[in-house]
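Residue numbers (the numbering used here), protein chains in the order written: chain A, 1 to 361; chain B, 1 to 361; chain C, 1 to 326; chain D, 1 to 326.
To be clear, the hints were calculated from the coordinates, so they are not data collected in a lab.
None of these values were measured; they are calculated from a predicted model.
Among these hints, one or two may not hold up.
[Unchecked claim] Counterexamples of contact, computed for chain B against chain C with all Cβ distances above 12 angstroms:
(1) Ile6
(2) Gly34
(3) Arg42
(4) Ile56
(5) Arg120
(6) Arg151
(7) Glu173
(8) Ser201
(9) Ile314
[Claimed, not checked] Listed next, with one range per pair, are the computed distances between beta-carbon atoms:
(10) Leu347/B - Phe326/C: 32 to 38 angstroms
(11) Pro50/C - Arg243/A: 44 to 50 angstroms
(12) Arg295/A - Asn3/B: 16 to 22 angstroms
(13) Arg151/B - Leu347/A: 54 to 60 angstroms
(14) Leu347/A - Arg321/C: 18 to 24 angstroms
(15) Ala244/A - Pro50/D: 19 to 25 angstroms
(16) Pro185/C - Leu125/B: 20 to 26 angstroms
All C-beta atoms, glycine included, are put in the ideal place defined by N, C-alpha and C.
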Amino acid sequence: MPNREIDIAYRVKYLSILDQEGQIDQELDPHLPGELLLKFYRAMVLARRFDERMLILQRQGKIGTFAPIKGQEAQIGAAAALLPEDWIVPSFREAPVELWRGKPMERMLLYYSGYSEGGRIQEGLNMLPVSVPVGSQMTHAVGIALGMQYRDQKSVAATFFGDGATSQGDFHEALNFASVYRLPVIFLCQNNHWAISLPRSRQTNSATLAQKAIAYDMPGVQVDGNDVLAVYCAVKEAAKRCRAGDGPTLIEMVTYRLSMHTTADDPKKYRTEQEVAEWEKRDPITRFEKYLTERQILGEGQIRATAEEIKTQIASAESRWQEIMAKGIDPLDMFDHAYAELTPSLLDQKEIVARELEEKK
Amino acid sequence: MPNREIDIAYRVKYLSILDQEGQIDQELDPHLPGELLLKFYRAMVLARRFDERMLILQRQGKIGTFAPIKGQEAQIGAAAALLPEDWIVPSFREAPVELWRGKPMERMLLYYSGYSEGGRIQEGLNMLPVSVPVGSQMTHAVGIALGMQYRDQKSVAATFFGDGATSQGDFHEALNFASVYRLPVIFLCQNNHWAISLPRSRQTNSATLAQKAIAYDMPGVQVDGNDVLAVYCAVKEAAKRCRAGDGPTLIEMVTYRLSMHTTADDPKKYRTEQEVAEWEKRDPITRFEKYLTERQILGEGQIRATAEEIKTQIASAESRWQEIMAKGIDPLDMFDHAYAELTPSLLDQKEIVARELEEKK
Amino acid sequence: MAKMNMVQALNLALRQEMEKDDRVILLGEDIGVDGGVFRVTDGLLDTFGPKRVLDTPLAESAIAGCSIGMAVYGLRPVAEIQFSGFSYYAFHQMEAHASRMRPRSQGRYTVPMVLRAPYGGGVRALEHHSESREIYWAHTPGLKMVIPSTPRLARALLVSAIRDPDPVVFYEPKAVYRAFREEVPEEEETFPIGKSRVARPGGDITLISYGASLMPTLEAATELSEKDGVECEVIDLLSLSPLDDQLFVESVKKTGRAVVVHEAHATYGAGAEVIARIVEKALLYLEAPVSRATGFDIVIPLYQREKDYLPGVPRILKAVRQTLAF
Amino acid sequence: MAKMNMVQALNLALRQEMEKDDRVILLGEDIGVDGGVFRVTDGLLDTFGPKRVLDTPLAESAIAGCSIGMAVYGLRPVAEIQFSGFSYYAFHQMEAHASRMRPRSQGRYTVPMVLRAPYGGGVRALEHHSESREIYWAHTPGLKMVIPSTPRLARALLVSAIRDPDPVVFYEPKAVYRAFREEVPEEEETFPIGKSRVARPGGDITLISYGASLMPTLEAATELSEKDGVECEVIDLLSLSPLDDQLFVESVKKTGRAVVVHEAHATYGAGAEVIARIVEKALLYLEAPVSRATGFDIVIPLYQREKDYLPGVPRILKAVRQTLAF
Ligand SMILES: Cc1ncc(C[n+]2csc(CCOP(=O)(O)OP(=O)(O)O)c2C)c(N)n1
Ligand SMILES: Cc1ncc(C[n+]2csc(CCOP(=O)(O)OP(=O)(O)O)c2C)c(N)n1
Ligand SMILES: [Mg+2]
Ligand SMILES: [Mg+2]
């Protein structure tokens, strides 16, 4: 057969469980315990409320630029499908995941209000700091997975990135390495349809992002990224494959950035209100709330109670944040984490700043 | 269908026309004129003989390191399928293509004997210089194609690279840009099974390199890269698509590096003689010679005459090379192509060398 | 003449060069529909269309690589890297190709491209958005590296950069983008690449700076004049490569004292080369060590600490007074 | 003690550290089966197996990125970039991540990795195989940058680099790889990163150099002693970052004169920083301008012109004699 079609082993799948009306696909229902479903709900609402609060603080000049996550809360399904010993390597739009994992809100506020000290991650939390250079963090997850493989740990390294990030060379290199070494990596692409002003359709010409997995003979899955159940199930399955030694998976979570790119951005310049309205109908929280209510897992009272609780929780994080700032953070700290030990030049330079601060008093 | 397979538009094809016994597939025979077939033959033999001669010169210390092309001569089929106004952006293992395009052998000898002057490309020849950093040249072809599109030229930019190069991020970025802008680029991957000591199977996990095109909804074709007719036809077709405005194609030419990676390399360290012997049976020249002979396009006498002619041709190129070197090339030239104009510092620095050379006399 | 900030002045330069020369093509992330995250390319897509203003996928190496190809083909690409902190994704392309196409092809091919990128601190930006690492480019032969300091100069230098036959890396001080306005003539103006200028004449000490640091340097000079009666001669380098050492060497011969000011890290920063040139060409005129008021050898911290990191007026004043007192 | 060339000495360092510490993992192109194109990793795959000696796909950015991940996870990756000319594919990874993981995470995560790469000219190599651009790394805060000059020092310095808690870029002068042999003790030796050394004591003039340039510098010193009766003190920097200025500043205080020698481009090269430090700390001791005998501000040419490009003995002699005659 000298002119034939080549049979490509991998096919790309699409998964959706809970549709935008809150109707579940009976066959695919993972039958998760109500308690877990409520945890999902609470995490998504917390993420939404914290995001709204950050936006207000930013508009008041109390924090600097940050990347809102509104509409992408179902990402917590991915974090929920992993174990604490698994590693998470985020991009910069994973506040919901960071919260799920237990990063304190005051630390996030500290970071976005311009204190490097906010970047610290508490001991025991297997998560890298926010990574701003688009696409660059995926190979770190691959390296971590190499470590797990070397140490015979049956853990997973999951890394998040956007649709825009798939255009970076580092995306390709990361998937290739992960596939060549059959590493326990889950590549979680948050396709939120926009990379600042560039729509997904002009970012790359492929019908799906998931199909890019075929370049590496790697399973590729597209899921409804606003469906927390689908996200959870897809990641759970990929994690199972990882732990069994069957290598990496690429998961495209189809979602939408309902808010601006960052607080420095004006999306009116490049997209229609209509498009946004269309996606508001597919809000991950609304449909999940509807589903939980209809199933009587969640009641009116509980919705209100949760809202109150979350309000208090955010307020008290803000107080702690204010306290930390009020206590003061030594500006000279900026020299202390450059290297394990200060170099002679840095000692001199630290001295310069110390004197400047002294004179300013 | 919430859990369904996604239909990927593009399928990958395999093309072979002339098998390793020199038997042609009647249906696929492109029926090229005998004259053109003889031109192919001559070009492949010239490339082989020049390569052998370079190896001798290198072993004698007369030229420096270079990358032998033995076994990969059918690449000229790709150059032959293009027009003079098309651009070629090579890697470093395309001496046959460079010769086909008319780059003088003395210039190539000059380059590999350590004279930057050898890098010059004559006016009118649309070809970039050899590119050593693996994978980096593909985006240049994409840029050239952007230029063609902008200027409404119906030309093609064809770029060569190896199997190893497909692992570089720049490969991915180049294919993505070409596909997004629907550019007239042909990506010609010479899969010669090795990247120095790394076999193709460990370079990437995909069954084919051609299937990587699916990541960009781009046609991907795998051809027998030792079959000059298949290479010619595949590139011809891709070029047609380019000129019609239908965008880029990825072509994987399956071939084999019969010689060492470069003259600094010892392949015995990493591959078996047996594997090489296996591939010698698929030699692109042997099969083509057999085919031409059987078809009586080529006779014994002509084979000998061609060999003699080529010998003379190479010898006279060597003489011209020796003449250029004997005439002497001014070492101070090294400053002259840094910028359009020498900067003040470079004038000073050129003066330093001028004085050093003076004192050495 | 209209009063413009640097963003507007850069926009003017791009617009006029695009009108004049159809080889000029812009490409970069979010430069079209969005007009660039700092609005430097605002309105240009509307005027010139998507064939001349390309919104690219998110890949800096490809942006540089395609620019190289376009330039070889005969165009004059002006690529925007959204922040200089991301220009290092394109570093190997510029290092290995843009800078070498001319020598490699022995002059047959040239790369008349411009790589624009906002750089520097002082605007409360996120991580990786405030670096000042121009030396990476300035130390790379085959490239030119310029940094304007005012709107009018930015416009003139950008026009020169676009017309330059060689690749130019053009860093734009984002702290200056909207800091002040200056008269910018509608008619064409250029400024020669490879030349510095006297930003303020004076005879007591020479202050050498560029880019965003020029503002505090001039402020310090004013204060020194007013409070100390010291007249600083301020040299604005503008071009880090080729480096024009004539102006500052002449100035130091006159003043005998000098301070170099820049945001970039001190060690292996531009100040070092400036000092080396002074030593080579005017050692005997020196009456005091040349000192440096610069950023430190650490990553620039998040925005609360930026003012402690950046060489502001107090640090400059101190360096000048110490140098004078030596 | 066995006599070893630098390749063997580096191999010894890797082998012993791998034996001692199972966190040490090697990765790179052709480092396993092939033993590295310069054979630095020869035999290590056989001894330690494919889990500790990884032949990687051809992607420098991923090599660096994976090393960062491995280091964060608690391993001690030693990555080889086949030639320093290709290390710039990994530049953004090192610039944005390796160098910043510690400050970004406020000390929670560190990147104890080594990025090894052969650098420099003089071995008749192809284009992109002869660069000397260590300043890119040395100017990057958060990284360390060292270059050994002899087999014994190479071994000791590599051991220190592997044990260092921070990322170290380790350039190996390939012109020295097989140039000479030196006694290298079987037992462990380290050399502190951030320290330079006196390679030859003397009182008349200070020559400051490092890496491959140390050989011609020492040759020139011998010739000056024999022919001119001039005793040069030769300082071998070894560590470009952190830069140890104490030794050369002390030496210049003694001799009053200095010449810096390196292959790298003159402008913004290491020499500039060395001169700036001398000016800052020992200006009044200087009896002549510090001069530089270096590579030029052009891409290093193909091998026939290398000797005219590189700072060889004649260029060094001339610089020294001019400095002495000043
Ligand atoms: C390497 C790099 N280039 C450019 C930027 C500026 N930038 C920040 S986010 C962004 C778009 C990212 O799009 P995507 O990957 O889809 O993630 P999203 O913002 O949609 O979550 C850009 C261009 C950056 N941070 N890093
Ligand atoms: C960026 C880069 N990394 C490493 C090298 C060293 N090197 C030269 S060729 C080569 C292998 C290339 O393999 P492939 O792409 O398959 O081309 P081939 O040599 O087989 O023609 C390597 C690693 C290089 N030239 N450039
Ligand atoms: Mg996005
Ligand atoms: Mg190959």
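Q) Between Ala244/A and Pro50/D, does the beta-carbon spacing fit 19 to 25 angstroms? A) Given about 21 angstroms between the Cβ atoms, the range holds.
Q) At the C-beta level, are Pro185/C and Leu125/B separated by a distance inside 20 to 26 angstroms? A) violated (44 angstroms)
Q: Quick one: work out the minimum CB distance from Arg42/B to chain C and report holds if it exceeds 12 angstroms, violated otherwise.
A: Arg42/B is indeed farther than 12 angstroms from all Cβ atoms of chain C, at 27 angstroms.
Q: Kindly confirm whether 54 to 60 angstroms is satisfied by the beta carbon distance between Arg151/B and Leu347/A.
A: Roughly 59 angstroms apart at Cβ, these two residues keep to the hinted range, so it holds.
Q) Is the Cβ of Ile6/B farther than 12 angstroms from every Cβ of chain C? A) holds (22 angstroms)
Q.
If we take the beta carbon of Arg151/B, is the closest beta carbon in chain C still more than 12 angstroms away?
A. Non-interface label fails for Arg151/B: nearest chain C Cβ at 8 angstroms, not farther than 12 angstroms.
Q. Beyond 12 angstroms from every Cβ of chain C: is that where the Cβ of Gly34/B lies?
A. Fine: 36 angstroms to the nearest Cβ keeps Gly34/B off the interface.
Q) Ile314/B: least C-beta distance to chain C exceeds 12 angstroms? A) holds (23 angstroms)
**Q.** No chain C beta carbon within 12 angstroms of Arg120/B's
**A.** violated (4 angstroms)
**Q.** Status of the stated non-contact between Ser201/B and chain C (beta carbon gap over 12 angstroms)
**A.** Ser201/B clear of chain C: closest Cβ-Cβ about 27 angstroms, beyond 12 angstroms.
(Q) Checking a non-interface call: every C-beta of chain C should be farther than 12 angstroms from the C-beta of Ile56/B. Is that right? (A) Ile56/B clear of chain C: closest Cβ-Cβ about 27 angstroms, beyond 12 angstroms.
Q. So the hint says 44 to 50 angstroms: do the beta-carbon atoms of Pro50/C and Arg243/A match that?
A. holds (47 angstroms)
Hint compliance for this structure: hints 5, 6, 7, 16 are broken, all remaining hints hold.
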